[in-house]
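*Asks:* So in my numbering the end of the sequence shown lands on 101, straight run, no missing numbers.
Just so you know, not all the hints are guaranteed correct.
Said to hold, decoys possible - List time: in silico BS3-like cross-link candidates among lysine-lysine, alpha-carbon distance up to 27 Å:
#1 Lys75 / Lys58
#2 Lys35 / Lys80
#3 Lys56 / Lys35
#4 Lys80 / Lys58
#5 Lys80 / Lys33
#6 Lys58 / Lys82
#7 Lys80 / Lys29
#8 Lys29 / Lys58
#9 Lys75 / Lys53
#10 Lys25 / Lys13
#11 Lys29 / Lys95
#12 Lys56 / Lys25
#13 Lys75 / Lys25
#14 Lys53 / Lys25
#15 Lys33 / Lys95
#16 Lys13 / Lys33
#17 Lys13 / Lys95
#18 Lys95 / Lys25
#19 Lys95 / Lys75
#20 Lys56 / Lys29
#21 Lys35 / Lys58
#22 Lys33 / Lys75
#23 Lys95 / Lys35
#24 Lys75 / Lys56
Claimed, not checked - Simulated DEER-style distance windows between Cβ atoms:
#25 Asn5 / Asp38: 30 to 36 Å
#26 Lys56 / Ile26: 32 to 38 Å
#27 Asp91 / Gln39: 28 to 34 Å
#28 Glu24 / Glu64: 29 to 35 Å
#29 Pro78 / Gly42: 34 to 40 Å
#30 Gln51 / Glu17: 16 to 22 Å
#31 Glu24 / Gly52: 17 to 23 Å
Since the hints were derived computationally from the structure, they do not count as laboratory data. Think of the CB as a built atom: it goes at the ideal place given N, C-alpha and C, for glycine as much as any other residue.
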Amino acid sequence: MKNINPSFTIDWKFSVEDILWDIEKILGKLPVKYKGEDQIYGDWVEIIEYQGKDYKFKIDNSYENLVEIIEFVNKILPDKNKQFVLDDTSDDNYKFELIHV
Numbered sequence: 001m002k003n004i005n006p007s008f009t010i011d012w013k014f015s016v017e018d019i020l021w022d023i024e025k026i027l028g029k030l031p032v033k034y035k036g037e038d039q040i041y042g043d044w045v046e047i048i049e050y051q052g053k054d055y056k057f058k059i060d061n062s063y064e065n066l067v068e069i070i071e072f073v074n075k076i077l078p079d080k081n082k083q084f085v086l087d088d089t090s091d092d093n094y095k096f097e098l099i100h101v
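Using the sequences and the hints given, assemble the complete structure.
*Replies:* This is the structure in structure tokens:
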């Protein structure tokens, strides 16, 4: 019997808020606060507060931005023996799976 790891799929038009919502469906509440969007030097960003510090993620729907967000989440996961990894890309979607490392 194959072990099924929790996963989520995000559309190419993702937002940080969407990603956090999908991850919290799997893990429960994360120790972050979504603060919304802001424009900084002409670029739109989404802001997350973690341990009193704001983290800004550019809103451009690029794969690089998606990786940056997932790497941030992996750093703050309560269980340091788990992380989200890209499992599949198809039909303009990205599937991430929670694995043991």
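*Asks:* Which of the numbered hints are not met once you compare them with the structure shown?
*Replies:* 26, 28
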